[in-house]
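As you go down the protein sequences, you meet chains U and X in turn.
Note that the first sequence covers residues 1 to 286 in the numbering used here.
Note that the second sequence covers residues 1 to 86 in the numbering used here.
Hints were generated in silico from the structure; no laboratory data involved.
There may be inaccurate statements among the hints.
Unchecked claim - Okay, derived cross-link-like pairs now, DSS-like style, lysine-lysine, Cα gap no bigger than 25 Å in a straight line:
id: 1; chain 1: X; residue 1: Lys41; chain 2: U; residue 2: Lys12
id: 2; chain 1: X; residue 1: Lys30; chain 2: X; residue 2: Lys20
id: 3; chain 1: X; residue 1: Lys41; chain 2: U; residue 2: Lys33
id: 4; chain 1: X; residue 1: Lys30; chain 2: X; residue 2: Lys41
id: 5; chain 1: U; residue 1: Lys54; chain 2: X; residue 2: Lys20
Predicted model only: the values in this text are computed from it and were never measured.
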Amino acid sequence: MSLLVKGGGITKLSELIIDADKAWAGMGISNIKEVAAAMAHGDVNYRGAAVLEKLTAGIAGQYAKTQGAGFPPIWDDMPGNRFDRLLFLTIPQPLLSLAVVEDHSGGGFTASPPTLVIPAPPSLSISELALFDQRYESGADGDLSIEGDNWEAQTFTTLQAHDVEIIEIQCRRVLLPGDVTVGIWATVADLPSGGDLTSVTFSGDDLSAADAWITRYVVASGLDAATKYAIVIRAPDGDGANYLVWRKDGTVPSYAGGSRCLSANGGVGWAENGNTDFMFREGEVL
Amino acid sequence: MGLLNCGGCLLIKLPGGITKLSELIIDADKAWAGMGISNIKEISLAMAHGDVPFRGTASMGRLPAGVAGNFLQTCGPGRDPWWGLY
Chain U
1 MSLLVKGGGI TKLSELIIDA DKAWAGMGIS NIKEVAAAMA HGDVNYRGAA VLEKLTAGIA
61 GQYAKTQGAG FPPIWDDMPG NRFDRLLFLT IPQPLLSLAV VEDHSGGGFT ASPPTLVIPA
121 PPSLSISELA LFDQRYESGA DGDLSIEGDN WEAQTFTTLQ AHDVEIIEIQ CRRVLLPGDV
181 TVGIWATVAD LPSGGDLTSV TFSGDDLSAA DAWITRYVVA SGLDAATKYA IVIRAPDGDG
241 ANYLVWRKDG TVPSYAGGSR CLSANGGVGW AENGNTDFMF REGEVL
Chain X
1 MGLLNCGGCL LIKLPGGITK LSELIIDADK AWAGMGISNI KEISLAMAHG DVPFRGTASM
61 GRLPAGVAGN FLQTCGPGRD PWWGLY
């Protein structure tokens, strides 16, 4: 006679009854899907009222902000962060002059009385407010030249549907690069494609020879949300001695929405360089 | 499997249960029923002091500690957060 006795205990996590808090003795738990209910990509954790909870990913560009002990953190904007204020008020100082006309003809004094000249009041120029959708403006540690058939581009992925109307880049000129064109292109397989959706051409000879952010406005072109586009820049009249320089971050750049793309044949063929991002901003004018 | 002799009876004891966490087979998601897990070294791979856990593409990921003074910045749903400049 024999008896079959099944041993106790469990072998699987699914069989484990959770009946107590457990100190994990300093050991690690890794490769787990989530530590709070229903976490999704980009969420982070914080301790809630009773258990670990998730802070759902906010709007791109927002920062984590504490609300003090006992309250959950939130994603919030900072002044000058997502919403840029490009407000410049220019008031040229008028020149006052006193014109005195004298008559040295030897005859009687016939001069007109002195005239005080007051120029017309200067016009005031107030630039427009801009809301940037995508930007990468920190970590510049080098630059790349643009001339002739050597074109450069920065791809970016929109957050929201918007009309691109303003483009800003950090750049400088070397000697006289000639005309520079900045355009917005669509992309196919992460590379610029199809030519300008909108563009602006200006003289690169008038740019600063020192690194500076420049602002250029383009005819509004509608961009879809969550879609990759490219800022394509070329200076076809430039050469090896006269060219435009676009500032870049070539050391583990952190912009997640795109990368540098380059063309050596005037925009016909493109290659992506995922280790470099250019300094740029794009958005709409309010 | 163990064999035990109990007065003419032969008991066959099947192996069962585990005694070590390392022997536990992870075969399911598990809701922790509101109970706590504390004093754990990491919840994503190779975390270090100052790292922040976040939900990655398919599992928990870690954001390595940033440069002192940087701010934790969201890149929106579906993207990893990062340390940004203000």
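Hint check results:
no.: 1; hint: X:Lys41 / U:Lys12; verdict: 23 Å, holds
no.: 2; hint: X:Lys30 / X:Lys20; verdict: 18 Å, holds
no.: 3; hint: X:Lys41 / U:Lys33; verdict: 17 Å, holds
no.: 4; hint: X:Lys30 / X:Lys41; verdict: 19 Å, holds
no.: 5; hint: U:Lys54 / X:Lys20; verdict: 31 Å, violated
Hint violations for this structure: number 5 only, all remaining hints satisfied.
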